[in-house]
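In order, the protein sequence lines correspond to chains X and V. Residue 1 is where the first sequence starts when you use our numbering, and the numbers rise one by one after that. Residue 1 is where the second sequence starts when you use our numbering, and the numbers rise one by one after that.
FYI, nobody ran anything at the bench for these hints, they're computed from the structure. Only a predicted model underlies this, so the values are computations on that prediction, with no experimental measurement involved. Even glycine gets a Cβ: it sits at the ideal position worked out from N, Cα and C. Heads up, some of the hints might be wrong.
[Stated by the list, open to error] Computed from the model, here is a short list of chain X residues facing chain V with C-beta under 8 Å:
no.: 1; residue: Tyr166
no.: 2; residue: Thr167
no.: 3; residue: Leu168
no.: 4; residue: Ala172
no.: 5; residue: Gly182
no.: 6; residue: Arg184
no.: 7; residue: Gly187
no.: 8; residue: Ala277
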Amino acid sequence: MKLANLIIAGLVTGSIYAVFAVCVAVWYRVSNILNLAVGDFAMFGALAVDDLVRVRNWPLPAAIAATLALVGLFAYGYDRIVLRLAQDGRRRQEGIVITFFFTFALSFFIDGIAKILYGTNVHAAPALWGGNSLSIVSGLSIERAGVLVLGCAVISGLMFALYIRYTLSGKAMAASGENYLGARIVGINTRQYRRIIFVVTALLAAVFGIVESPITGYTYLSGATISVTGFLAAAYGGFQRPGRALAAGLAIGILEALLGGYVSAQYGDTLMYAILAALVLARPRAMGFESAVGG
Amino acid sequence: MTALAVTGMSVSYGNVLAVHDASFTVAEGECVAVTGPNGNGKSSILLGIAGLARRRGTVEIFGATAPPGDVMWTARHGLTLVPERRQLYPKLSAADNIILGCYSWTRSARKARLSDAFGYALEVFGELHPHLGQAAGTLSGGQQQMVAIARGLASAPRILAVDEPCLGLAEAVSKRVYQALTRIHAEGTTLLLVEEAPRRALQIAARRVEVRNGVVA
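Make a model of the complete structure from these sequences and hints.
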């Protein structure tokens, strides 16, 4: 029973990694930019909804709709203004500058805005599906928010994986990232794909932040931490494949829970990172790292 | 009917003028070779026509004036470029590379798969069949060139502009590529062929446009 409970807890934590890994992987695939700000969109979603509902007394659906609209508009504007100048302009940025810096800066920017607007306290959006934990069999239970979080992760990961595999538009999205010139020749609007996926993943992250924050609670600094864990899982999917990023995220969550439960609650995390690092060193190709390092 | 009319086109990269005041026409069903030594502006002419390089002057495709810098417009109006160095998507399979040619006229994977254009592309390069599932980046140079031309065919082009199709290929493979191009032209596609070796190009082309120092002779 302990094992089953640990696995469930691991799946819920893993879902957090998985969703962000999927967001990072999909957008990297289309734009060759790593989105270091993806966790900040989640943080902002949670904090904004919490503020609107608890402080300003908005009804929950209106608060969620307004927050998502704001996040969507902001992401759209950021792409239109900053990323367009950086990637499409006359002085195109390349290499590590474009890969990291613009979204890194964005991450700090969103953190700063959130700190000014919502302060430094821990916030959590109201639970979307209130009530006690669901009991599966006696002694084995899962939080309602956990079910939503897991659902969110699995649906988004599968959706993107199927999109790339089976639709022409999904393949066109992948082609945009692989060969900008080759994609434009057949009429693919690479800029539009970059923009759409950036906005969609920002919205997805925000939705996820709203759903997940009742479990862990967010401060204005939570975004960066989540981005990094998602990043790690995305790396295990070679930064390319949303399906593998999803699986890697869930697996890392379970590993973390098992190590915490059976080995050491205190050193579980440390041990997990050691195992992950050893795996990467031992089997870089099998882990999908070749595309992350070899291009 | 005139398939392609280029009038007073100049192509520049920053301050460097690669093509100066080029004018020529290609009739429907014709095959025209653009020849000249390397570095004289042959590829720049194609890039300018396709809208991938900054150009001045006018380019008309089947009577419609192409907006400069809009490669998507060109692709949708029937002129497809098979670019130098192929510009494939290395991690996608050969089949996916080819089917993406259909993107210029449809968004439906099903329509694309069942289309005449896609079927024709696979038929012309029948030898690609065993390799369709393979990542394009792992194919041989000759196979990659065939995938690039097949991708062009999948876009159902009325004019196919092919840039140096035999660059870096062995003689036997070059022959095979030319055999395919001959067939494509014989079956009705207008060809604009950039080729450093005029002898090879003139096997198909009835006429050539000679480029020297960025000027059409």
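Evaluation of the provided hints:
{"no.": "1", "hint": "Tyr166", "result": "6 Å, holds"}
{"no.": "2", "hint": "Thr167", "result": "6 Å, holds"}
{"no.": "3", "hint": "Leu168", "result": "4 Å, holds"}
{"no.": "4", "hint": "Ala172", "result": "5 Å, holds"}
{"no.": "5", "hint": "Gly182", "result": "3 Å, holds"}
{"no.": "6", "hint": "Arg184", "result": "5 Å, holds"}
{"no.": "7", "hint": "Gly187", "result": "4 Å, holds"}
{"no.": "8", "hint": "Ala277", "result": "26 Å, violated"}
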